[in-house]
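Chains as they are written, first to last, in this note's numbering: chain A, 9 to 381; chain B, 9 to 381.
Just so you know, these hints were derived from the structure itself, not from any lab.
Do not take every clue at face value.
Among chain A residues calculated to face chain B with C-beta under 8 angstroms, some are [stated by the list, open to error]:
1. Phe11
2. Val93
3. Arg209
4. Thr286
Owing to the predicted nature of the structure, the values given are computational and were not obtained by experimental measurement.
Heads up, the beta-carbon is just placed ideally off N, CA and C, and yes, glycines get one too.
There are 2 protein chains.
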Amino acid sequence: MTFTAPNNGSPEPGQSREELETPVALVDLETMEANMSEFASFAREHDVALRSHVKTHKSPVLARRQEALSGNEGIICQTLHEAEVMAEYGLSDIYLSYMVVTRSKLDRLVRLSESIDSFATTVDCPGNIEPLQEAGARHGRSIDTVLELDIGLNRVGVEPGEKALELARSIVEAENLNFAGVMAYEGHINTLADSEGDYERRCLEAMDSVEAMVERLEGDGIPVDGVKVGSTGTSRYSGKHPVVTEINPGMYPFNDANVLSWNGPVEETDCALTMLTTVISKPTDERVVVDAGSKAMSFDLDCDPIPNGRDDIAYRNASEEHGWIDIGGTDQSIEVGDRLEFIVPHVCTTINLHERVVGMRDGLVEDVWTVRA
Amino acid sequence: MTFTAPNNGSPEPGQSREELETPVALVDLETMEANMSEFASFAREHDVALRSHVKTHKSPVLARRQEALSGNEGIICQTLHEAEVMAEYGLSDIYLSYMVVTRSKLDRLVRLSESIDSFATTVDCPGNIEPLQEAGARHGRSIDTVLELDIGLNRVGVEPGEKALELARSIVEAENLNFAGVMAYEGHINTLADSEGDYERRCLEAMDSVEAMVERLEGDGIPVDGVKVGSTGTSRYSGKHPVVTEINPGMYPFNDANVLSWNGPVEETDCALTMLTTVISKPTDERVVVDAGSKAMSFDLDCDPIPNGRDDIAYRNASEEHGWIDIGGTDQSIEVGDRLEFIVPHVCTTINLHERVVGMRDGLVEDVWTVRA
Numbered sequence: 009m010t011f012t013a014p015n016n017g018s019p020e021p022g023q024s025r026e027e028l029e030t031p032v033a034l035v036d037l038e039t040m041e042a043n044m045s046e047f048a049s050f051a052r053e054h055d056v057a058l059r060s061h062v063k064t065h066k067s068p069v070l071a072r073r074q075e076a077l078s079g080n081e082g083i084i085c086q087t088l089h090e091a092e093v094m095a096e097y098g099l100s101d102i103y104l105s106y107m108v109v110t111r112s113k114l115d116r117l118v119r120l121s122e123s124i125d126s127f128a129t130t131v132d133c134p135g136n137i138e139p140l141q142e143a144g145a146r147h148g149r150s151i152d153t154v155l156e157l158d159i160g161l162n163r164v165g166v167e168p169g170e171k172a173l174e175l176a177r178s179i180v181e182a183e184n185l186n187f188a189g190v191m192a193y194e195g196h197i198n199t200l201a202d203s204e205g206d207y208e209r210r211c212l213e214a215m216d217s218v219e220a221m222v223e224r225l226e227g228d229g230i231p232v233d234g235v236k237v238g239s240t241g242t243s244r245y246s247g248k249h250p251v252v253t254e255i256n257p258g259m260y261p262f263n264d265a266n267v268l269s270w271n272g273p274v275e276e277t278d279c280a281l282t283m284l285t286t287v288i289s290k291p292t293d294e295r296v297v298v299d300a301g302s303k304a305m306s307f308d309l310d311c312d313p314i315p316n317g318r319d320d321i322a323y324r325n326a327s328e329e330h331g332w333i334d335i336g337g338t339d340q341s342i343e344v345g346d347r348l349e350f351i352v353p354h355v356c357t358t359i360n361l362h363e364r365v366v367g368m369r370d371g372l373v374e375d376v377w378t379v380r381a
Numbered sequence: 009m010t011f012t013a014p015n016n017g018s019p020e021p022g023q024s025r026e027e028l029e030t031p032v033a034l035v036d037l038e039t040m041e042a043n044m045s046e047f048a049s050f051a052r053e054h055d056v057a058l059r060s061h062v063k064t065h066k067s068p069v070l071a072r073r074q075e076a077l078s079g080n081e082g083i084i085c086q087t088l089h090e091a092e093v094m095a096e097y098g099l100s101d102i103y104l105s106y107m108v109v110t111r112s113k114l115d116r117l118v119r120l121s122e123s124i125d126s127f128a129t130t131v132d133c134p135g136n137i138e139p140l141q142e143a144g145a146r147h148g149r150s151i152d153t154v155l156e157l158d159i160g161l162n163r164v165g166v167e168p169g170e171k172a173l174e175l176a177r178s179i180v181e182a183e184n185l186n187f188a189g190v191m192a193y194e195g196h197i198n199t200l201a202d203s204e205g206d207y208e209r210r211c212l213e214a215m216d217s218v219e220a221m222v223e224r225l226e227g228d229g230i231p232v233d234g235v236k237v238g239s240t241g242t243s244r245y246s247g248k249h250p251v252v253t254e255i256n257p258g259m260y261p262f263n264d265a266n267v268l269s270w271n272g273p274v275e276e277t278d279c280a281l282t283m284l285t286t287v288i289s290k291p292t293d294e295r296v297v298v299d300a301g302s303k304a305m306s307f308d309l310d311c312d313p314i315p316n317g318r319d320d321i322a323y324r325n326a327s328e329e330h331g332w333i334d335i336g337g338t339d340q341s342i343e344v345g346d347r348l349e350f351i352v353p354h355v356c357t358t359i360n361l362h363e364r365v366v367g368m369r370d371g372l373v374e375d376v377w378t379v380r381a
């Protein structure tokens, strides 16, 4: 006997919220569009480019929408494969904000750079500059190369100073590399600032350190054509600094519980992406269990899912396919089969768990985006 | 201009470890086979069935290997879609240890139950018994139905006692349901026990509570044909109790940092699955960064990745595509391009992030399993 696994709930345009299988990642299109427009307006107002980070959604369709809203200023990717998938779907101006170091991937990187209008990649130490130069030489290509500065996150990037200057010189001197400016990721400020004023002060101070490095490079005869910075939380402050030419936020179309935990202007009603779940069990009067745990929502950050638009219940705990919901504080009936919707802890790693994201307008499916990369 | 995204590192049999693109989930086949055999031997010795949980790997090929080793005693799945995919690939004895409640999924469940040799599902409250009975009636089918008991995890399941008896009666009385025994998940003991002796004592005590419930059901004229229990940590103790007929561990072929944090007999050399990574940056003499963060390894539990076979370096922090590695304590050279391998924090949610798992023997790829469900 043979059996064919049926469609596991692929939604189609026109379906209602009630017809969707769960768990499913929904996007409120009005909220997403407002979030996208807000960042595009900010960028125009402050005369910075908005190059959106597509690692959040990995959807070429959304990447193109972001590009169009921003005046076609390109996209940013976090893995080579993401960049390749975006290029396959027609995106032609890609910055890869990540170091590629192995020979096979460097060969892919050079082929990618040949196939689109504009491509740049990232380095921060001799160990990744040398293999990139070798790959350029191997293929007889010149590769746009951005130097990543570490301005406080202590992850990748070179600290501003003498070592950064030396690295910039080595990029300039490398025959097959073209020095294409600097990037600095000030994401650590998101969890440090205690008010919007403090946020702005810390971001502008961080940008001062970038500016000092840019001046040092230019004083050494190395023109810095671009300064890329930003995260969803910090871009709206860092982008006001005159040294910045381009902001690179990623999760701003959606927002999540993590962004809400910072002391910025984002509110629950700005969260466009939610996880729709179904109550599958009601073991006690104080607890129901929904069908979305750590295989439907990512718990990599220290945030819980937030019940969307209600504060009478709480998501207490997750296992792989279960979410424990405390209903002890509500006077509304919640029964098996009911739907509960949650703002997710971390939208970037949550979308990564799904094959598709469903765009909703007026309670109906309008778009279904495949998570491609 | 058109561009086709190349193969993103699909490994092929015969390739060496050095040829693999990273990050990639590797399985040491000798260790995996030893782990599988150990549980199969335990089950034979203690005369319990070993029905393995395939939610860990979602691979029909591995599911069949587990079945064969255990004497064809079936598999256990945690989502309907997993069960459907396993049935599509020829698995014909499936227990779904999860409540299905919506009409569309219940229709799928009944079709699945018709298409394979043996199928059972799970309930724990009137809210999921009623729709299951309705689905059976709608299709004129009788559905094997297991009652889940909550013996301490406080997730799903009914507490042993009067309420459990009433639910069992309602299953027996439901025209289209066939009462097929009880299951109880004692996974909470994994984090409570402080020694192997304490582990065994707690597990056997928990099984006493299951036995009392079984006696109460049988005293009420409800024969209990099967008692399913177990997790990787607890099965080897719970399975010694005479009331248990079947153990359902999942991650035992692989193990992970989470299992190592318990006070059982598992050691680092029992961990078959590791994440192979590449150093992409060396920002300081104290820190390198590898290409495996929270999109390659799941951080849903409070465990860090463990460097495989070495204690001179430590995985300190993760972002989506980055892992911060502390190399301050090693006297070995670690440079960009080097490979570092880690025991993952939680294997079940980590495999869920990947499209494939690579089986290695003697440093060469032997098998590539697709993560199908």
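Verification of the supplied hints:
no.: 1; hint: Phe11; in the structure: holds (4 angstroms)
no.: 2; hint: Val93; in the structure: holds (5 angstroms)
no.: 3; hint: Arg209; in the structure: violated (24 angstroms)
no.: 4; hint: Thr286; in the structure: holds (6 angstroms)
The structure fails to meet hint 3 from the earlier list, while all remaining hints are met.
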